[in-house]
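Novice: Using the supplied hints, reconstruct the complex from the two chains, each of which is provided in its own coordinate frame.
Protein sequences, first through last, are from chains A and B.
Everything in the first sequence is counted per the working numbering, starting at 30 for the first residue and increasing by one.
Everything in the second sequence is counted per the working numbering, starting at 492 for the first residue and increasing by one.
Simulated from the structure, these hints should not be mistaken for lab results.
All of these numbers come straight from a predicted model, not from anything done at the bench.
Glycine included, C-beta positions come from ideal geometry on N, C-alpha and C.
Errors might be hidden in some of the hints.
[Claimed, not checked] Below, computed lysine-lysine pairings styled on DSBU-like, alpha-carbon distance capped at 30 angstroms:
(1) Lys51/A / Lys635/B
(2) Lys634/B / Lys101/A
(3) Lys50/A / Lys634/B
(4) Lys634/B / Lys51/A
[What the hints assert, rightly or not] Calculated from the model, a selection of chain A residues having no Cβ within reach of chain B, i.e. all distances over 12 angstroms:
(5) Pro56
(6) Ala84
(7) Asp86
(8) Arg88
(9) Arg100
(10) Lys101
(11) Asp102
[Stated by the list, open to error] Computed, partial: chain B to chain A, Cβ under 10 angstroms:
(12) Glu571
(13) Val630
(14) Ser642
(15) His643
(16) Ile721
(17) Asp723
(18) Gly779
(19) Arg784
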Amino acid sequence: MEEVEVDARGLSCPEPVILAKKAIDDPATRIVRVTVNTGAGRDNVSRMARSQGCAVDIRPLGAGDFLLTIRKDS
Amino acid sequence: MNGFLASRAGIIVSGAAIGVLAALLQLLGNPANMGICVACFSRDTAGAIGLHRFAPCQYIRPELVGFVLGSLFAAWAAREFRARAGSAPVVRFLLGVFAAIGALVFLGCPWRALLRFAGGDMNSAVGLAGLAIGVWIAVGFFKKGFSLGRSHQTPTIAGLLMPAVMLLLLGLLVFRASFGPDGALFFSEKGPGAAHARIRYSLAAGLVVGVLAQRTRFCTMGAIRDVILIRDWHLLSGVVALALAALIVNVCSGNFRLGMANMPIAHSNTLWSFLGMVLSGLCFCLAGGCPGRQFFLAGEGDGDAAIFCGGLIVGAAIAHNWLLTAAPDAIAADGAVLLGGPGVYGKIAVLAGIAFCLLLGFTARPRAGQSAQSLGKSKASGPDLCLDP
Numbered sequence: 030m031e032e033v034e035v036d037a038r039g040l041s042c043p044e045p046v047i048l049a050k051k052a053i054d055d056p057a058t059r060i061v062r063v064t065v066n067t068g069a070g071r072d073n074v075s076r077m078a079r080s081q082g083c084a085v086d087i088r089p090l091g092a093g094d095f096l097l098t099i100r101k102d103s
Numbered sequence: 492m493n494g495f496l497a498s499r500a501g502i503i504v505s506g507a508a509i510g511v512l513a514a515l516l517q518l519l520g521n522p523a524n525m526g527i528c529v530a531c532f533s534r535d536t537a538g539a540i541g542l543h544r545f546a547p548c549q550y551i552r553p554e555l556v557g558f559v560l561g562s563l564f565a566a567w568a569a570r571e572f573r574a575r576a577g578s579a580p581v582v583r584f585l586l587g588v589f590a591a592i593g594a595l596v597f598l599g600c601p602w603r604a605l606l607r608f609a610g611g612d613m614n615s616a617v618g619l620a621g622l623a624i625g626v627w628i629a630v631g632f633f634k635k636g637f638s639l640g641r642s643h644q645t646p647t648i649a650g651l652l653m654p655a656v657m658l659l660l661l662g663l664l665v666f667r668a669s670f671g672p673d674g675a676l677f678f679s680e681k682g683p684g685a686a687h688a689r690i691r692y693s694l695a696a697g698l699v700v701g702v703l704a705q706r707t708r709f710c711t712m713g714a715i716r717d718v719i720l721i722r723d724w725h726l727l728s729g730v731v732a733l734a735l736a737a738l739i740v741n742v743c744s745g746n747f748r749l750g751m752a753n754m755p756i757a758h759s760n761t762l763w764s765f766l767g768m769v770l771s772g773l774c775f776c777l778a779g780g781c782p783g784r785q786f787f788l789a790g791e792g793d794g795d796a797a798i799f800c801g802g803l804i805v806g807a808a809i810a811h812n813w814l815l816t817a818a819p820d821a822i823a824a825d826g827a828v829l830l831g832g833p834g835v836y837g838k839i840a841v842l843a844g845i846a847f848c849l850l851l852g853f854t855a856r857p858r859a860g861q862s863a864q865s866l867g868k869s870k871a872s873g874p875d876l877c878l879d880p
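Extracted from the complex, chain B is given alone in its bound form (with noise of 0.2 angstroms):
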């Protein structure tokens, strides 16, 4: 089973059954083209336990929760749960909190990007297209020698807390913990956050979905900035499964509409999709991971990873309370699309994103590095080689 999921076939008929997943998420409850949406879910889950009050977006979503267990539950079995971080955490910190931003603006992390093509919203054409520049400036930045540094073994107890955390917000979620009458826990009577599966699907399908993604390395960012970095299709195959898989459920269940105005919780903003997407896909390159992929890495245990992923919380939170998000189209009274996008204050934000991770990009760097000589041999290291006690 091991080797079959790191083939090639592995991780297609793995992005396909994600993809058939995510759809089917939608048929029982998820909201329309967000059967998963990393972005958006954890904007709900921030919104949940009140670190924003944005009504129609607070809900505890189990598909996160799955994620991070699955993906526990799968590295475990395989050897390779591993207690580490120490990577430049701010850094990732931060790169998590814009990732959140520029998704926000899309209204949708590439996950999403994919399943709203796949639900017929050719917005996700624009996005997916910034999403590979964003990616592209990124892999030239690595070109150049652009590393966080090294992450280092830490205590295993270190590597369990992320999972710890999720299932703590599991249990409130499963108990509809209320601290108080203007308390958390928050549930959205209307919007995105009203609308989702009953907690035993959204839960076994993120559980299905953090193991498969763990075995076979999934990573929408990656499946890009793999084929620009050295020419390998191996992620991407796994991506296009994903979406055509999704594709083809839409069709049959009659949830496919092809269109580009007021699509569902989407925008048609062509300069704003794009952008935005810029912004995160800049930001999950540097941090060398889509945002589904660093749930899953969490849950391996990598600290530096669960960090990016309170970095998405704590952004989307942002987003949310600093009118950053992008407003989707509206229908007017006499029937004209009302083009929705970001406020003014979102825009500065994506730009300020942007020019922090081109910041990064070109300065952050390993200290002086060295080239070791041993008898007939050369060494050639990442960051620290020399320089580590």
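Looking at chain A on its own, in the form it has when it is part of the complex (with noise of 0.2 angstroms):
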């Protein structure tokens, strides 16, 4: 699918990097949006999405929840 959403809100520490990393690493996928609810989360998967080469806007959705919108490039 061109565009995937992860809700990895709630999950400890790998799995918002893992399932991110997952619809990443699907080469049908161009856009992944994630929904975390950590700064640690945010800070890990756009950390992982920027050295996958990918660019990644994060918008806070209140309440602490965040949307990274990660675009793959080329």
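Specialist: Written out as structure tokens, the structure reads:
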């Protein structure tokens, strides 16, 4: 699928990163939208995504949730 | 400041600062090669309140109080305090129990392993290798879908209870509370429990570490896990900085002695140093954080981490009451080194713990997961997405 949503709220390390990476690694996926609800989750997922060469846009959703929109290059 | 601490330079500086503080705590009175040891400090705190009666290890460690309160302050200031809980608490409690047992067979948690290394105790290399193997096995389980499930928001007061309990312990310590001639608090007169810096130094160091670790997400287990899982060296850079900084302070202060046998509060029983830390590594990784990280998370309001910390304290008590802990090396009358290590119960406990973690790793999976289809999109989510009310 072109776009994938990952709900990683409430999950302990390293599950948010694993789920996000699995989505990014799928060659058919262009955009991954990850929702997390901790600062650590936000930091870890965005760092991983950037290390994979993706562009990451972070938007606070209120109530401590964050939406990370990860776009794969090329 | 926030941006800096989240950066590579930030975690390296923070790691170095923590390493310096830990080495300084040793100079200020904490036990040798034990400026900070979350497992040992859990054991000492358990002893002080009477959960075990092993006299050499009874003292409420203000460092642990500082970790929780420092993290609470940092999280609150950054609006990251979130009271949450509910992810398989019984499992996490038992993981804490077994983590403590494994650590008390090695005679240190990963923090102490780093400080023993920085003090010249090369048995720490064996322990760190065991830790890495335990983490590697656990990473394999995560890749196969291991999950303890989601936590959920809880009332704010629920997230403030662990900090409140730590404040209570601090108060009991400061006022040297005594419930009676044979009652708690107990204070060691000899042994590691009698070796401690002044309360104000321990508390101050703990608070600073708590703040830095919460902001940088410092985790000695995660450092290894992230390299194995995603080739990410961020956390490891902070951990290496900790070890190097402590090493430099130790060398400059004459606290460095290279060796394997008869090192301070340590044994050179290679096999059980290794296996004890394999167990601890499994437990920390499956539970999502090293023991320090669990105290920092507890300060952030994470009730599942607080439960793990409870498991550490109870596990340390059980380890002493059931004679599971390792004995350090000793010197015989003729000068020969008597090899330390665990007794038969400790060995059984470590193997049982590893078996428990393997069972958990193979069987703990989310409830039947489903992908929800919606127009033009697909969803790939963690556990229970479609089964949440």
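Novice: Look at each hint and say if it fits the structure.
Specialist: Hint check results:
1. Lys51/A / Lys635/B: holds (12 angstroms)
2. Lys634/B / Lys101/A: OK: Lys634/B and Lys101/A at ~22 angstroms, within 30 angstroms.
3. Lys50/A / Lys634/B: holds (11 angstroms)
4. Lys634/B / Lys51/A: At roughly 9 angstroms apart (the allowed maximum being 30 angstroms), Lys51/A and Lys634/B satisfy the hint.
5. Pro56: The assertion about Pro56/A holds, with a minimum of 14 angstroms to chain B.
6. Ala84: holds (18 angstroms)
7. Asp86: holds (17 angstroms)
8. Arg88: Consistent with the label, Arg88/A stays out of reach of chain B, its closest Cβ about 16 angstroms off (over 12 angstroms).
9. Arg100: holds (15 angstroms)
10. Lys101: Per Cβ check, Lys101/A is outside 12 angstroms of chain B; nearest 15 angstroms; holds.
11. Asp102: holds (18 angstroms)
12. Glu571: It holds, given that the least Cβ distance between Glu571/B and chain A is near 5 angstroms, below 10 angstroms.
13. Val630: Val630/B check passes; min Cβ-Cβ to chain A is 8 angstroms, inside 10 angstroms.
14. Ser642: holds (5 angstroms)
15. His643: holds (6 angstroms)
16. Ile721: Given a least distance of 6 angstroms, the restraint on Ile721/B holds.
17. Asp723: holds (6 angstroms)
18. Gly779: holds (3 angstroms)
19. Arg784: OK, holds: Arg784/B within 10 angstroms of chain A, min 8 angstroms.
In the structure shown, no violation is registered for any of the earlier numbered hints.
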